[in-house]
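K.L.:
Below are the chains, spelled out letter by letter.
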Amino acid sequence: MAEFVSAGRTIDMKKFFNERGLMLFNVIFLTLITSFAGMIVLNGMKKNENYNAELKIIALYLAEEQFAELESLAAEGNLTAGGKSFLGDTDDLKNYLYENDKKINSQIPINFEVDTNVSSYSSRLYRAEVKVSWTFKGEKKFVELKKNILQKNVS
Amino acid sequence: MAEFVIALPLLILLIYTLVMIFLNVAKQTEKQSADYLLEEEANEILERIKNDARAATEVKLEHDGEEFQTVIFVFHAIANTNPNIYDVHDTRNYIIYSKNQIHADEDGQEPIYRVYAHRKKNPTFPTSPTSGDNSFGNTTVKKLKFTIREKNILHISLTLKSLKTKRMLTINTSVFMPDCKKFEGF
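Just so you know, the sequences run in chain order A and R.
According to this note's numbering, the first sequence is numbered sequentially starting from 41.
According to this note's numbering, the second sequence is numbered sequentially starting from 17.
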């Protein structure tokens with residue numbers, strides 16, 4: 041094997057690839073691999089914070105709010121089939137994600153959209169489908185809830 | 017001998033990296049479970065209030081302050097002790113209270129507030145671990161407000177704060193109260 045010149049020093053390649061040299065080589069590679077794996081894991085951790093779980097529970101309760109309004113309409117005999125806008129408090133459609141990490145207090149506004157469709161199931165029974173959607177970090181997510189609502193017999 | 021001189025620091029670096037990874041994973045797990053706890057506790061409190069509100073025949077509100085309100089539900093209860101009395105009213109209060117506990121950290125101090133469910137007829141009625149005595153909660157209530165929208169709808173707004181991660185969660189919801197006849201204090 042030829043002699044290898046690097047940084048003014050000559051490295052004998054025969055010596056480099058003998059048993060002791062190979063062990064050194066192994067340790068260097070292991071360290072590199074571990075640190076790379078570590079960097080990947082640590083980098084992935086920050087992105088792993090699952091805010092969507094928090095947003096989902098807010099969305100579920102927004103759907104409950106819409107159901108409460110629809111039930112109230114049904115109790116008076118005023119529920120009709122067709123699409124509906126959000127009947128609850130419209131201030132509730134805007135919520136905030138509070139992040140408090142390393143003394144940085146930031147509020148990220150999140151807008152929720154509520155789509156409601158009420159279909160007539162039988163003469164008095166209605167089926168309401170409420171879909172609550174939101175966008176977070178460019179990702180659009182939604183929850184969809186369905187409920188049968190009995191209209192009060194007004195006669 | 018020469019290879020050990022180079023290999024030993026590298027080995028130390030390797031072990032250090034591994035330890036750092038494990039510490040970070042543990043820290044992240046703690047943070048994530050604090051978030052789950054926050055969500056679960058908010059869910060528990062709202063679910064209990066919703067269940068009581070649906071059964072309520074009377075609802076009373078006591079203004080305690082700008083942030084907190086105490087709500088009292090009166091509902092029919094089954095008289096299992098005396099079968100001759102069939103119409104029994106029971107009340108349940110949701111009280112915000114501070115157990116004179118103060119949470120202190122580098123940002124300062126703040127009192128810890130909890131939601132306490134109290135049933136009159138049966139004071140030993142087990143309260144939930146989350147909303148009752150809050151035994152596993154590292155959370156504090158920042159806001160709990162009730163308003164009546166038209167047509168028997170009780171609007172609830174709850175803000176919980178995690179003391180571990182300092183994150184806040186605000187949930188707004190409404191509940192329809194079909195049998196409620198009497199509204200006081202709204």
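Treat the hints with care, since some could be wrong.
As a list, the in silico SDA-like pairs of lysine to any residue whose alpha-carbon atoms are at most 25 Å apart [claimed, not checked]:
#1 K159/R x P149/A
#2 K167/R x E116/A
#3 K192/A x F91/R
None of these hints come from the bench; they were simulated from the model.
Given the structure is predicted, the values throughout are model-derived calculations rather than measurements.
K.L.:
Hint by hint, say whether it matches the structure.
P.N.:
Going through the hints against the structure:
no.: 1; hint: K159/R x P149/A; in the structure: holds (19 Å)
no.: 2; hint: K167/R x E116/A; in the structure: holds (9 Å)
no.: 3; hint: K192/A x F91/R; in the structure: holds (22 Å)
Hint compliance for this structure: no hint is broken.
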